[in-house]
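*Asks:* Going line by line, the protein sequences match chains A and B.
Under our numbering, the first residue of the first sequence carries the number 1, and numbering increases by one thereafter.
Under our numbering, the first residue of the second sequence carries the number 1, and numbering increases by one thereafter.
Don't read these hints as lab results, they were simulated from the structure.
These numbers come from a predicted model, not from an experiment.
A portion of the hints provided could be inaccurate.
Between beta-carbon pairs, the in silico distance windows are [to be verified]:
id	chain 1	residue 1	chain 2	residue 2	range
1	B	Q84	A	H154	17 to 27 Å
2	A	P90	B	E85	26 to 36 Å
3	B	K101	A	G125	39 to 49 Å
4	B	E41	A	S51	52 to 62 Å
5	A	R146	B	G75	47 to 57 Å
6	A	R87	B	R29	30 to 40 Å
To give an idea of the interface, some chain A residues facing chain B are shown, with a C-beta separation under 8 Å as derived from the structure [stated by the list, open to error]:
id	residue
7	N22
8	I27
9	T67
10	L126
11	G127
Far from chain B by the CB rule (all over 10 Å, computed), these chain A residues [unchecked claim]:
id	residue
12	F23
13	V26
14	R43
15	L71
16	T100
17	G101
18	Q102
19	D106
20	Q108
21	V109
22	R139
Where is the CB? At the ideal position from N, CA and C, for every residue including glycine.
The primary structure of each chain is shown beneath.
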Amino acid sequence: MLFCLSINQMGKKLARIFDSGNFRLVIPSQTRYLNLVTNLAKRASVAAGLSDSDAAKVSIAVDEAVTNIILHAYQNDPEKSVEVELRFSPSSMEIHLLHTGQGLRDDQVRLPDPNEYVKHPRKGGLGLLLMSRFMDEVRFMEYGGRSECCMIKHLG
Amino acid sequence: MADLSIQVRELDGVSIIEPSGFINAHTVRQFETALEGLVKEEHYNILLQCINLNYISSAGLGAIMGQIEVVRENGGDIVLSNLQENVFAIFDTLGFTQLYKVFDIEADAILSFNKPDGQEVG
Numbered sequence: 001m002l003f004c005l006s007i008n009q010m011g012k013k014l015a016r017i018f019d020s021g022n023f024r025l026v027i028p029s030q031t032r033y034l035n036l037v038t039n040l041a042k043r044a045s046v047a048a049g050l051s052d053s054d055a056a057k058v059s060i061a062v063d064e065a066v067t068n069i070i071l072h073a074y075q076n077d078p079e080k081s082v083e084v085e086l087r088f089s090p091s092s093m094e095i096h097l098l099h100t101g102q103g104l105r106d107d108q109v110r111l112p113d114p115n116e117y118v119k120h121p122r123k124g125g126l127g128l129l130l131m132s133r134f135m136d137e138v139r140f141m142e143y144g145g146r147s148e149c150c151m152i153k154h155l156g
Numbered sequence: 001m002a003d004l005s006i007q008v009r010e011l012d013g014v015s016i017i018e019p020s021g022f023i024n025a026h027t028v029r030q031f032e033t034a035l036e037g038l039v040k041e042e043h044y045n046i047l048l049q050c051i052n053l054n055y056i057s058s059a060g061l062g063a064i065m066g067q068i069e070v071v072r073e074n075g076g077d078i079v080l081s082n083l084q085e086n087v088f089a090i091f092d093t094l095g096f097t098q099l100y101k102v103f104d105i106e107a108d109a110i111l112s113f114n115k116p117d118g119q120e121v122g
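The following block holds chain B by itself, in its conformation from the complex (with noise of 0.2 Å):
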């Protein structure tokens, strides 16, 4: 089995990137590449789905930091979904919980881009 495998779809104008397996620094260039395709196509409604994700290093969130400002600037957003438990340990220890919107089902991430209270409006 693969270490990482990314699958890339849309639903309802929301962007969905769903990594399966682990990013750290052996996979991250990967991962880094799907998210930065993404933006260069101007797709700023991201959302990170991370059901079968079973872990990521500080490689994989700075992947994640390298293109949230520029997001952000063109209206959008980039959430977390579905977290596991030590994947979710991961982004709170180091903050990242403040930084970005979580949510436990994709349902209710896709949801939030719909909403009419800013910046998050898709």
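So here's chain A without its partners, still in its complex pose (with noise of 0.2 Å):
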């Protein structure tokens, strides 16, 4: 099932999810919904507990996360979907993201070194490095003949 929420229609349906502790989102795989998702991740941040500065950490990992499965699991196949799922417990904010692309693993995952990067710029890979700076775990599984990225945020 497809929605397409407004940021208005967004922090409405927001207000009421933290009873249920789920939200989920599915957007087609296509570069366009990027600011719908990072916003719906930056306003549940702020309303699970999340100050500005580290909810703006949140969407922006949720934009990195989202841009490799649009673009590497997907390689820009618009008619796929990305499944976007939220789950709230009073000590944490959980970010799922569920594709059926070419996924990663966790093992399969190498962070550049910042340092090293520093000495000799490239492009690519910084996206993880992020992800990885921003949230508390990031973690990549396949289950089921699906991929999942899972990112966590403590709160308190």
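Join the two chains into one complex using the hints; note that each chain is given alone, in its own frame.
*Replies:* Laid out in structure tokens, this is it:
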């Protein structure tokens, strides 16, 4: 099922989700929807109690993760979809990004060394580094024919 | 409102790019085109004025990386000013604040190109 919510609709929806604990959004695999998802992540983060500064970092991590799925896992196939699920608990906010493209596993992730990067600048690899720096946990897994990127931010 | 709009202007021999909105995978081509356009026209003293930049993802950082070598080879530089807190956090987290000069205000960034201290002289 595909949801496309305006920012105002999203805000109203977010105000209700914390009782149920979960929120789910499915977007087409197109970069034009990045802004919608990052706004959702930012508003959810603030509603969950994070500072504006931390909420901005969460939204960047989500931007990077969804971009990786669209560009690399799906190789820009606009007919695919990305499922975004937010799960809330008193101690954390979890962002689960699910897709059916070519996923990563934890053992395949190689983060660039920032010090090395400064000495030898190059394109690529920075998105994963931002995700790992801006979130408390980032995990990649595959199951049931789907791949998942799970990012966790601890609250409080 | 558009996701990204870009203004380009000149001041004291410095080309100023002022993006408003978001630079991410969706809008990066627009930003890249503006930056490439300046370099193709041999404008090598470039200021990225970030006062209205709400965020920049790694796609945007890659666009800057793609031009910095040719800019510096030609005696110029790309410097940054007026970064919002979260934009600074992105640059700083990735070590870009060691690669690029960052100024609080535009006027200081412009002046830096005219200081007689070596490579950044315009």
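*Asks:* Look at each hint and say if it fits the structure.
*Replies:* Going through the hints against the structure:
| no. | hint | result |
| --- | --- | --- |
| 1 | B:Q84 x A:H154: 17 to 27 Å | holds (25 Å) |
| 2 | A:P90 x B:E85: 26 to 36 Å | holds (27 Å) |
| 3 | B:K101 x A:G125: 39 to 49 Å | violated (24 Å) |
| 4 | B:E41 x A:S51: 52 to 62 Å | violated (42 Å) |
| 5 | A:R146 x B:G75: 47 to 57 Å | holds (52 Å) |
| 6 | A:R87 x B:R29: 30 to 40 Å | holds (34 Å) |
| 7 | N22 | violated (26 Å) |
| 8 | I27 | violated (12 Å) |
| 9 | T67 | holds (4 Å) |
| 10 | L126 | holds (4 Å) |
| 11 | G127 | holds (4 Å) |
| 12 | F23 | holds (22 Å) |
| 13 | V26 | holds (18 Å) |
| 14 | R43 | holds (14 Å) |
| 15 | L71 | violated (7 Å) |
| 16 | T100 | holds (20 Å) |
| 17 | G101 | holds (15 Å) |
| 18 | Q102 | holds (17 Å) |
| 19 | D106 | holds (20 Å) |
| 20 | Q108 | holds (18 Å) |
| 21 | V109 | holds (15 Å) |
| 22 | R139 | holds (20 Å) |
Hint compliance for this structure: hints 3, 4, 7, 8, 15 are not met, and every other hint is.
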